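Engineer: Single-letter residue listing:
Number of protein chains: 4
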Amino acid sequence: MSEITRPSKAELTAFMHTEFPQCPIDIESLAHHQCVVRRSIGVQQLRPGGTVSGPVLMEVADAAMYVTILSEIGLVALAVTTNLNINFLRKPSANSDVIAQCRLIKLGKRLVVGEVTLFSDGDEDPVAHVTATYSIPPR
Amino acid sequence: MSEITRPSKAELTAFMHTEFPQCPIDIESLAHHQCVVRRSIGVQQLRPGGTVSGPVLMEVADAAMYVTILSEIGLVALAVTTNLNINFLRKPSANSDVIAQCRLIKLGKRLVVGEVTLFSDGDEDPVAHVTATYSIPPR
Amino acid sequence: MSEITRPSKAELTAFMHTEFPQCPIDIESLAHHQCVVRRSIGVQQLRPGGTVSGPVLMEVADAAMYVTILSEIGLVALAVTTNLNINFLRKPSANSDVIAQCRLIKLGKRLVVGEVTLFSDGDEDPVAHVTATYSIPPR
Amino acid sequence: MSEITRPSKAELTAFMHTEFPQCPIDIESLAHHQCVVRRSIGVQQLRPGGTVSGPVLMEVADAAMYVTILSEIGLVALAVTTNLNINFLRKPSANSDVIAQCRLIKLGKRLVVGEVTLFSDGDEDPVAHVTATYSIPPR
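Residue numbers (our numbering), protein chains in the order written: chain A, 26 to 164; chain B, 26 to 164; chain C, 26 to 164; chain D, 26 to 164.
Keep in mind the hints are simulated off the structure, nothing from the lab. Predicted model, so just to flag it, every value in this text is computed and none were measured. Cβ coordinates follow ideal geometry from the N, Cα and C atoms, glycine included. The reader is advised that the hints may include incorrect statements.
Dumping the calculated BS3-like pairs for lysine-lysine here, alpha-carbon to alpha-carbon at most 27 Å [to be verified]:
1) C:Lys131 <-> B:Lys131
2) A:Lys131 <-> C:Lys131
3) A:Lys131 <-> D:Lys116
4) A:Lys116 <-> B:Lys134
5) C:Lys134 <-> B:Lys116
6) B:Lys131 <-> D:Lys134
7) B:Lys134 <-> D:Lys131
8) C:Lys131 <-> A:Lys134
9) A:Lys134 <-> C:Lys134
10) A:Lys116 <-> D:Lys134
11) C:Lys34 <-> C:Lys134
12) D:Lys116 <-> C:Lys134
13) D:Lys131 <-> B:Lys131
14) C:Lys116 <-> B:Lys134
15) D:Lys116 <-> C:Lys131
16) D:Lys131 <-> A:Lys116
17) C:Lys116 <-> B:Lys131
18) D:Lys131 <-> A:Lys131
19) C:Lys131 <-> B:Lys116
20) C:Lys116 <-> D:Lys134
21) D:Lys131 <-> C:Lys116
22) C:Lys134 <-> A:Lys131
23) B:Lys116 <-> A:Lys131
24) B:Lys134 <-> D:Lys134
25) A:Lys134 <-> D:Lys116
Rough simulated footprint, nothing fancy, chain C against chain D, three-plus residues with beta-carbon under 8 Å [what the hints assert, rightly or not]:
26) 81–88
27) 107–120
From just these sequences and the hints, can you work out the full model?
Structural biologist: Okay, here's the thing in structure tokens:
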């Protein structure tokens, strides 16, 4: 039985930039079953009316979940999102980065369930809340 | 009490190209509480491994819902997504357009609920299924 | 490799009455990846105000999904609900049975995704819409 | 403009016993946008195999959300559940009460979003996680 090699923050960052080039994120912190990621917002991420588009929020949440899972199971495994449920709560600021706080609720052998709370950087009220499930294929 | 002016397919298309410039869609058909939209897929919409990224599927579903709602309530109203739940079912083809079939389940005064089934063009098995809720502000 | 023995409607009905004694349902029809079940409503299923309680609707949807899955994979397998998402659409009638129409969207080896539309018997507008995921354990 | 009268724990308990007689709960604690409720489990709440049934978990989560909302907006308002999303995480114990910890994520004028984490009393790993949306009718 092989040990899982936990990737470092630098390894995870490099992996994510290759895997999700359209959604460049910075990993702010990593902890047991948790992580915080930051996504800078430019004109490409905005909708008319001056707000971050919904799909960008979903993309950041998905990336934050992926980072948190990979930090637990290693970079080799291939996890795929099977379900994502998002509640949009407030209009995000057009001038702030998006911050995603992720926490795994269950890390099973086959299914991982987590939640992600999304903020506009500097505001304490969340702009969206996500729960998502990833399926981990058999080794 | 004012009548709602239903927008034409051309008006809706123009509106969507302005409102969602990052997600250019073609409206294939419009019917009572239903529509079908098409999204062409290029390199920007793919992930390593050769598949359409999840956020692109969510974006197309969201746009399909928006088109269907606006075709019922008119272009003036401002509807916002409050909840979106997506189940990813199969790996989408990297070489096919994404087709989204939307159907409104409830068109209330304050909340609209609909479902969207997403396909890779030419395949009959869906790649994802979405239910979403939009909130319609008071006039 | 053993063949799956599809249970008959009578076998499924008997199984459900044992497995879900608190939610006695009648199987109205069974077809490929689909079924319709009926749940009679008594005082125990109502809330003050004269409407069917939300948990009863969820229970009927869950039972309808279970019946549809078991009719495909056989009575031996043990499927468990992993996710259920319900949108409540209209107030159900206190005097009508609840009818649940279930359709499987994906029948995978590990995960099954389906949708259930719930009606008050005799009304054509649905009272609720459910999507649910079941996990099927390895044989 | 009238002040909202916050109900006491005793008033909320009495209200819930009338409103949800099929799901008798005890309110363990109430705080700003939060509450903890307890539901005792008997034979009626179990499924064959010795586990608490899924619909009972959904019922307790729904009741916990309702208590938390009413403690903020008062007993007069009529809130209805519009969406409930539940992830089942682990098999609940047949011999333990169910504990539900609820937290409101957004308390808007029209929509309230909250999350509920469900436990078997004495275990620290949750058995299920719920996000739910309530609609509050115009006054």
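Engineer: For a quick check of understanding: which of the numbered hints are violated here, in increasing order?
Structural biologist: none
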